[in-house]
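Enquirer: Here are the chains, one letter per residue:
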Amino acid sequence: METNQEIILGIETSCDETAVAIVKGGKEVIANVVASQIESHKRFGGVVPEIASRHHVEQMTLILKEALDEAKLSMDDIDGIAVTEGPGLVGALLIGVNTAKALAFAHQKPLIGTHHIAGHIYANQLMTDLTYPLLALVVSGGHTELVYMEAEGEFKVIGETRDDAAGEAYDKVARTLQLPYPGGPHIDRLAQEGEESIDLPRAWLEKGSYDFSFSGLKSAVINTVHNAKQRNVELKPEDLAASFQASVVEVLVTKTLRAAEEYGVNQVLLAGGVAANSGLRNALKEAFDGTGAELVIPPLHYCTDNAAMIAAAGTIAYRKGKRSSLQLNANPGLELGI
Amino acid sequence: MKVLAIDSSNYCMGVAIMDGDTIIGEIITNLKKNHSVRLMPAIDQLLEEVGLKPNELERIVVAEGPGSYTGLRIGVSIAKTLAWTLGIPLVGVSSLEVLAQSGRYYTGVIVPFFDARRGQVYTSLFKSEGTFVQRRTEDQIVLLEDWLNENKDKYESFLFISNDLAIHKETIESILGNKALFAPVSSTNARPSELARIGSSKEPVEDVHHFTPNYVRLAEAEAKWLASQKK
Ligand SMILES: [Zn+2]
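Going line by line, the protein sequences match chains A and B.
When you line the first sequence up against this note's numbering, it's residues 1 to 338, in that order.
When you line the second sequence up against this note's numbering, it's residues 1 to 231, in that order.
Think of the hints as simulated: they come from the structure by calculation, not from any bench.
Backbone N, C-alpha and C define an ideal beta-carbon position, used for all residues, glycine too.
Warning: the hint list may mix true and false statements.
Stated by the list, open to error - Taking lysine to any residue and the SDA-like style, the derived pairs with C-alpha atoms no more than 25 Å apart in a straight line are: (1) B:Lys-230 x A:Tyr-181; (2) B:Lys-179 x B:Leu-226; (3) A:Lys-42 x B:Tyr-215; (4) A:Lys-72 x B:Pro-89; (5) A:Lys-42 x B:Leu-226; (6) A:Lys-322 x A:Glu-335; (7) A:Lys-109 x B:Glu-48; (8) B:Lys-154 x B:Glu-138; (9) B:Lys-230 x A:Lys-109; (10) A:Lys-42 x B:Tyr-69; (11) A:Lys-109 x A:Thr-291; (12) A:Lys-109 x B:Lys-2; (13) B:Lys-224 x A:Lys-109.
To be verified - Which chain A residues stay away from chain B? Per the calculated CB distances, all over 10 Å, these: (14) Phe-44; (15) Glu-50; (16) Lys-65; (17) Glu-70; (18) Phe-105; (19) Glu-160; (20) Asp-163; (21) Gln-192; (22) Ser-209; (23) Asn-266; (24) Leu-300.
To be verified - Covered stretches of chain B (chain A as the covering partner; in silico rule of three or more C-beta atoms under 8 Å from a C-beta of chain A): (25) 39-53; (26) 64-77; (27) 122-128; (28) 200-211.
All chains, please: the whole structure from these sequences, using the hints.
Expert: Listed below in structure tokens is the structure:
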């Protein structure tokens with residue numbers, strides 16, 4: 001094996017996507033297959049864990065085969081198997097973990113338990129070289145975190161949400177506006193057509209804090225809708241979406257900018273499903289324009305859950321000598337690390 | 001033919017290896033411990049013990065349920081992955097059929113069951129012909145009390161085989177009286193060697209990819225959704 005050209009197969013099943021990817025040298029994606037269950041969960045208005053687990057069992061080997069076929073490789077060509085160990089839905093994680101263990105056992109290959117958020121962050125390495133120190137803003141349905149990285153594989157969470165994740169707030173507000181699941185893209189679209197005309201709170205928390213809180217904002221939106229109904233006032237959903245999005249984006253961008261300055265980072269990475277949000281992308285671009293830090297925003301298919309990001313993060317762990325045993329288990333509360 | 005049998009469908013976790021007509025190794029535990037942590041190491045250990053490499057396996061047999069949803073998925077995920085990646089046949093066998101084998105020499109009807117909460121059990125009915133345990137009904141989930149009332153006059157005697165006996169013994173005795181017999185604890189762990197034996201002569205699944213556990217019932221959300229669609 002040539003140095004730094006290791007071929008890692010990644011498996012991701014932490015929520016409602018069954019995904020397998022094959023990545024060479026931690027950067028070059030040679031296969032990336034994602035089976036989304038979103039159509040199945042839509043009718044429930046959110047992800048139902050039991051149904052997600054059932055779909056993963058139905059899809060897993062098919063997706064594995066598809067990825068190997070796409071890469072025109074066999075398991076003999078694979079140097080290691082990286083799998084999402086946590087966080088996520090435990091029943092869903094279990095399918096990926098046990099599949100990865102069986103594969104590693106059958107072919108006597110190294111097994112590498114991988115952190116889902118480390119994956120989201122390292123998705124950026126599929127686009128560009130990472131230069132440290134860097135700051136990553138991770139925003140998804142389950143996470144809102146600011147992560148400082150001094151060097152490769154070293155994660156320090158400097159801020160996180162104290163209640164709802166940003167994506168969660170989006171989903172709840174979408175439900176209040178009776179938009180279909182998943183609500184994020186619908187609010188983003190509506191927001192672009194509306195005016196920021198409704199006064200909604202921004203949760204800055206204590207001075208200097210990089211933590212987030214979105215439950216107050218969510219309640220304010222619900223109250224606004226409720227009050228308007230009682231007083232028979234018509235509320236434009238576009239304006240509500242625009243005002244809500246403005247509040248979320250302002251807090252995220254302001255704290256990210258301040259952290260980037262305080263820590264003197266070279267790069268700022270955006271990661272996680274909410275990175276697909278156009279309001280957030282545009283505001284970040286504007287905020288970081290002319291600053292010393294380079295802003296990296298991955299394309300949409302690397303923002304949402306995928307396995308290429310798991311293979312990329314797994315490659316870093318593999319190089320650092322991390323090997324998991326066949327006792328590897330799903331760990332929904334796994335701490336961020338390599 | 002070298003057969004690996006895997007059962008993680010209930011608390012009882014089992015792995016067995018059969019070579020031709022011989023069961024060469026078997027591991028059983030009956031513990032409320034995590035199958036996800038222990039199943040793959042148990043398979044690894046047993047193969048090592050009997051001196052087999054994974055690529056020498058020629059067939060995978062898995063207990064397909066009914067049982068714990070999570071437990072089933074762990075076993076089935078491992079079984080499907082091994083069968084597919086090693087390019088060997090996969091066979092699914094009912095978890096109740098495996099347990100029923102302990103009643104082989106009994107002349108009445110054999111009733112293996114697993115508790116399914118709220119007075120319900122997963123069960124099906126078997127009858128022994130010589131040494132061959134024959135299935136009489138499909139695997140199903142029932143309210144045990146209803147099932148007992150329906151069946152009490154149909155048969156002379158019943159042998160119940162279950163590790164969940166403590167939960168249901170009183171109900172069974174109150175309805176069946178002395179028609180009911182209970183297998184002793186040493187006969188109530190599903191034996192993976194029986195799974196291997198049954199699976200070695202059963203027709204493999206046509207398509208490994210599409211094999212799924214036999215959950216017996218729909219996911220709760222799915223059932224509610226279907227009911228709401230009918231309104
Ligand atoms: Zn994610």
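Enquirer: List, from low to high, the hint numbers that the structure doesn't satisfy.
Expert: When the structure is compared with the hints, numbers 2, 9, 11, 13, 14, 15, 16, 18, 27 turn out to be violated.
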